[in-house]
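Residues per chain are reported as follows:
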Amino acid sequence: MLDALTLLTGVAALLLAAWCGFAAYRDQPTKDWHFIGMAVVTALALIQLVVGIVQLARGQDPEQGTTIFVAYLLGAFACIPAAGFMSLAERTKWGSITVSAGAVVLAVLEVRLYDIWGG
Amino acid sequence: MTAVEEKRTRLISGPGMLLVWLYGVMVVGAVSRSAYQIATDFDRAPLAYSLSAVAGLVYGFITYTLVRGGETARKAALYCCAAELAGVLVVGTWTLLDPSAFPDATVWSDYGMGYLFIPVLLPLSAVYWLRRAGSVRP
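So the sequences go chain by chain: Z and B.
What the first sequence shows, in our numbering, is residues 1 to 119, in sequence order.
What the second sequence shows, in our numbering, is residues 1 to 138, in sequence order.
Think of the hints as simulated: they come from the structure by calculation, not from any bench.
Misleading hints may appear alongside valid ones.
Listed next, the stretches of chain Z that the computed footprint assigns to chain B, with coverage defined by at least 3 CB atoms under 8 Å from CB atoms of chain B [what the hints assert, rightly or not]:
1. 64-72
2. 99-110
Derived CB-CB ranges, DEER-like [stated by the list, open to error]:
3. B:Pro103 x Z:Thr67: 16 to 24 Å
4. Z:Gln28 x B:Pro103: 43 to 51 Å
5. B:Ala39 x Z:Gln55: 19 to 27 Å
6. B:Asp41 x Z:Val51: 22 to 30 Å
7. B:Asp41 x Z:Leu14: 28 to 36 Å
8. Z:Ala89 x B:Ser135: 17 to 25 Å
9. B:Val90 x Z:Gly118: 30 to 38 Å
10. B:Val90 x Z:Gly59: 41 to 49 Å
11. B:Arg132 x Z:Ala4: 44 to 52 Å
All values derive from a computational prediction rather than experimental measurement.
C-beta atoms are modelled at their ideal positions from N, C-alpha and C, and glycine is treated no differently.
All chains should be built: construct the whole structure from the sequences, respecting the hints.
Shown next, in the form of C-alpha cells:
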C-alpha cells in the first residue's frame, strides 16, 4: 500500500516538474491549472502522510527509524505548497521554475521515503 | 521607514526566488539532519555532524539575507556564499583525502554528491546572481 502510494506520488511529482518546466520554457508564470496540479500532488502527499501514520500506529516499523520516517513524510507534504506560495509571489517564469524544482525535490524525497520504509 | 524598505534592493525577484527555495530546502535538510544526528548518535561522528550543523547555520543566514534584501544584506550574503563555497571545497576535499575522520557523511561530503551536487552549484549561482543584482540599480 505504502510502496504503491510512494511510487504514484513520485511519478506525479515528476509530471508536475515537467509541466511547470514547460511553462517556464514558454516564459509563462504558473496558472490556475498548474495550481490544480499542485493541489493533486499535495493531496497525494497528504494521503501518504495519513497512511504512513496509520501504518506506524498499527505497529509496523520503518527500517531506518520512526523519527526520520515522519520527518520525511512531513517534508514531502509541505514541499509543494511552499513552492506554490513562492510562485504566487513571483509571477514570472522563475515562479514556474521554482515549482518545478520543488516537484523534483519531492520526487527525491519519495525515493528516500522508499528506502527509509525498507523497500 | 516604508521609504527605506522600498529603497532596499530586492534580492528575491526572478532567479532570486529559485535561490531562496533551494537555500530553504538546504536549511531544512542540513538543520534537521544534524539536529537528529547530534541528538541521537553524536559520538559516532562528532566532526561530521558538527560540520553539518554549521552548514545549516550558514544556509539559514544566507536565506535570511536574501529575503531581507538591501545593500548590506547583499554584501553579507556574498561573503557567506564565498565562505560556503570554500567550506564545500575544503570539506569535500577533506572527506576524499581522509575518510577515516568521517565515519558518517556530512552535507558537504564529496562536494555534496549526496545532495545532487547542489551544495557546490548553489553558491556559484548565488554569487553570480548577487553580483548582478548589485550592478542593476533601480
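Do the hints match the structure? See the list:
Chain B is given as covering the stretch 64-72 of chain Z, and this holds because 3 residues of the stretch bring a CB closer than 8 Å to a CB of that chain, at least three being needed. Interface restraint, the stretch 99-110 of chain Z with chain B: holds (4 residues with C-beta to C-beta distance below 8 Å; minimum three). Proline 103 (chain B) and threonine 67 (chain Z) have their C-beta atoms about 20 Å apart, which keeps the hinted 16 to 24 Å range intact. Taken as a hint, the range 43 to 51 Å holds for the pair glutamine 28 (chain Z) and proline 103 (chain B), whose Cβ atoms sit roughly 48 Å apart.
At roughly 24 Å, the beta carbons of alanine 39 (chain B) and glutamine 55 (chain Z) sit within the given window of 19 to 27 Å. Separated by about 28 Å at the C-beta atoms, aspartate 41 (chain B) and valine 51 (chain Z) satisfy the suggested range of 22 to 30 Å. Distance hint check: the CB atoms of aspartate 41 (chain B) and leucine 14 (chain Z) are about 33 Å apart, consistent with the given range 28 to 36 Å. The hinted range of 17 to 25 Å is satisfied by alanine 89 (chain Z) and serine 135 (chain B), whose Cβ atoms lie roughly 24 Å apart.
At about 35 Å, the CB distance of valine 90 (chain B) to glycine 118 (chain Z) agrees with the hint of 30 to 38 Å. Distance hint check for valine 90 (chain B) and glycine 59 (chain Z): the Cβ-Cβ separation is about 46 Å, which falls inside the suggested range of 41 to 49 Å. At roughly 46 Å, the beta-carbon separation of arginine 132 (chain B) and alanine 4 (chain Z) lies within the given 44 to 52 Å, and the hint holds.
Consistency with the previously given hints is maintained throughout, with no hint failing.
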